[in-house]
Amino acid sequence: MEHKQGNIKLVVLGLLLGILMSAMDNTIVATAMGTIVSELKGLEHFIWVTSAYMIAVLAGMPIFGKLSDMYGRKRFYMIGLILFLTGSALCGMANSIVQLASFRAIQGIGGGALLPIAFTIIYDIFPPEKRGKMTGLFGAVFGLSSVFGPFFGAYITEFIGWRWVFYINLPFGLISLYLITRNYHEMLKPKQQKIDWLGIITLLGAIIPLMFALELGGKMYDWDSLVIVTLLGLFLICLILFIFAEKKASDPIIPFYLFKRRLFASTQVIGLIYGGIFVTITVYIPIFVQGVYGASPTTAGHILTPMMLASVVGSQFAGQFASKISFRNLMSISIVFFITGVSLLGTIDTNTPKSILTLYIILSGIGVGFSFSLLGLTSMHKTEISERGAANASMSFFRSLGMTLGITIFGSFQTKTFSGLIEEKLPDFDNKSNDPSVLFSPEMREVIPTDQLEKIVAALADSISDIYKFGAFAIIIAAVAVSFMGTDKLETTSKIKEKN
Numbered sequence: 001m002e003h004k005q006g007n008i009k010l011v012v013l014g015l016l017l018g019i020l021m022s023a024m025d026n027t028i029v030a031t032a033m034g035t036i037v038s039e040l041k042g043l044e045h046f047i048w049v050t051s052a053y054m055i056a057v058l059a060g061m062p063i064f065g066k067l068s069d070m071y072g073r074k075r076f077y078m079i080g081l082i083l084f085l086t087g088s089a090l091c092g093m094a095n096s097i098v099q100l101a102s103f104r105a106i107q108g109i110g111g112g113a114l115l116p117i118a119f120t121i122i123y124d125i126f127p128p129e130k131r132g133k134m135t136g137l138f139g140a141v142f143g144l145s146s147v148f149g150p151f152f153g154a155y156i157t158e159f160i161g162w163r164w165v166f167y168i169n170l171p172f173g174l175i176s177l178y179l180i181t182r183n184y185h186e187m188l189k190p191k192q193q194k195i196d197w198l199g200i201i202t203l204l205g206a207i208i209p210l211m212f213a214l215e216l217g218g219k220m221y222d223w224d225s226l227v228i229v230t231l232l233g234l235f236l237i238c239l240i241l242f243i244f245a246e247k248k249a250s251d252p253i254i255p256f257y258l259f260k261r262r263l264f265a266s267t268q269v270i271g272l273i274y275g276g277i278f279v280t281i282t283v284y285i286p287i288f289v290q291g292v293y294g295a296s297p298t299t300a301g302h303i304l305t306p307m308m309l310a311s312v313v314g315s316q317f318a319g320q321f322a323s324k325i326s327f328r329n330l331m332s333i334s335i336v337f338f339i340t341g342v343s344l345l346g347t348i349d350t351n352t353p354k355s356i357l358t359l360y361i362i363l364s365g366i367g368v369g370f371s372f373s374l375l376g377l378t379s380m381h382k383t384e385i386s387e388r389g390a391a392n393a394s395m396s397f398f399r400s401l402g403m404t405l406g407i408t409i410f411g412s413f414q415t416k417t418f419s420g421l422i423e424e425k426l427p428d429f430d431n432k433s434n435d436p437s438v439l440f441s442p443e444m445r446e447v448i449p450t451d452q453l454e455k456i457v458a459a460l461a462d463s464i465s466d467i468y469k470f471g472a473f474a475i476i477i478a479a480v481a482v483s484f485m486g487t488d489k490l491e492t493t494s495k496i497k498e499k500n
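First residue of the sequence shown? That's 1 in the numbering used here, and the numbers climb one at a time after it.
Just so you know, not all the hints are guaranteed correct.
To be verified - Capping the alpha-carbon separation at 25 angstroms, the derived lysine-lysine pairs in BS3-like fashion look like this:
# : residue 1 : residue 2
1 : K469      : K455
2 : K324      : K382
3 : K194      : K133
4 : K382      : K489
5 : K74       : K130
6 : K248      : K194
7 : K194      : K455
No lab work stands behind these hints: they were computed from the structure.
All chains should be modelled from the sequences, with the hints used to inform the complete structure.
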């Protein structure tokens with residue numbers, strides 16, 4: 001796959017806009033859901049709004065990644081962008097929750113193409129010595145987008161209207177589409193491959209029931225209910241069929257031989273775990289600040305700003321030094337910061353000053369920031385140009401899956417722990433106290449007796465800190481994966497020529 005020299009800066013700008021939209025979308029919509037449900041009604045169906053998007057994104061990533069290897073990056077980036085914008089426009093016009101969920105699926109299919117293909121294009125168009133710097137930039141934008149979403153979502157919903165949470169994508173997306181169309185010139189030398197239809201069908205058959213089980217379990221249905229058990233059973237059956245299909249396919253949708261490379265396999269494990277821990281920080285630290293400190297939603301959201309800035313520092317540092325320091329050593333630095341920050345978050349309680357909490361999330365932010373730039377580089381390191389799309393899409397898939405698993409597993413753990421502590425400390429208190437949202441309303445806090453309020457706040461603080469105690473153990477698994485990464489570093493053009 002070769003590329004004509006267009007205006008690279010405009011190509012980069014177009015890709016950054018695409019990443020900005022796709023990374024921000026789920027968090028920006030989440031903050032508007034309360035308002036959306038109150039207007040469109042259908043509370044019993046609102047969970048599908050998030051589920052439909054996430055299922056479509058996860059299913060689309062490996063499929064679009066492989067297709068971009070077969071037929072070109074530009075074509076499928078543009079298809080993904082058009083689908084994303086079409087879905088966004090339709091979401092803004094939705095008149096019911098069912099319609100909104102259906103349109104979010106369209107949006108999600110497009111979103112599944114944008115992120116992995118954008119990173120792959122950057123790897124394609126820049127020489128080796130610039131890839132670290134550029135992936136550092138793109139990784140920083142990804143991290144900032146993921147955390148900035150709630151700010152924009154809350155502001156747009158309050159001052160403009162929830163429909164603009166979706167319409168806001170249109171101008172940015174159209175600019176991205178124009179810039180890529182005019183400035184990214186790809187000359188594809190097609191590699192004859194067969195579309196792995198069996199792999200696609202069994203992959204979808206595995207992802208869809210898994211995502212439904214994760215979204216519905218512990219909410220609409222008990223984890224041991226027939227519905228959830230059946231969904232998980234379907235997931236396992238289709239997963240086994242998918243593995244058999246990929247082993248026999250001549251051109252598999254996810255090339256399993258890539259996992260024989262220690263660097264690639266380690267990257268997938270690290271992405272899965274980092275994604276799971278990162279999302280719990282972005283979700284539960286604002287809840288801690290609002291529920292424990294009694295802060296406003298705006299103040300709670302602002303607590304993440306230092307982490308965002310720290311993640312930018314980590315991403316840029318890792319990208320800049322990827323050609324000088326081995327991937328393993330850089331990720332080891334990341335592990336030290338990340339496990340230190342998360343372990344310290346496991347000690348927070350009602351007496352933890354906000355300044356100390358900020359320090360803890362800064363350490364965590366630096367650590368996770370390394371992964372935003374490095375994991376894309378390590379997933380595509382020494383891969384053929386015809387494999388890069390699938391390789392990078394695999395990493396994006398595992399990180400997104402980790403985020404979904406993280407919010408589900410740790411969320412269920414936090415809810416169960418909080419309820420248990422309430423029953424232990426306040427056995428005769430109103431059952432509504434099992435919902436920590438009573439702590440988010442100044443009016444509700446005022447009517448709860450002081451001694452009871454203190455116990456509820458302490459229960460919330462302890463249930464959140466326990467998340468990070470277990471999160472630190474998960475990072476140890478990531479540290480083991482890092483130890484298997486080997487001594488490779490990002491190769492520059494001169495080093496590649498020396499080898500040849």
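- Query: Where does the structure disagree with the numbered hints, that is, which hint numbers, in rising order?
  - Reply: Going through the list in order, the structure violates hints 3 and 7 and respects the others.
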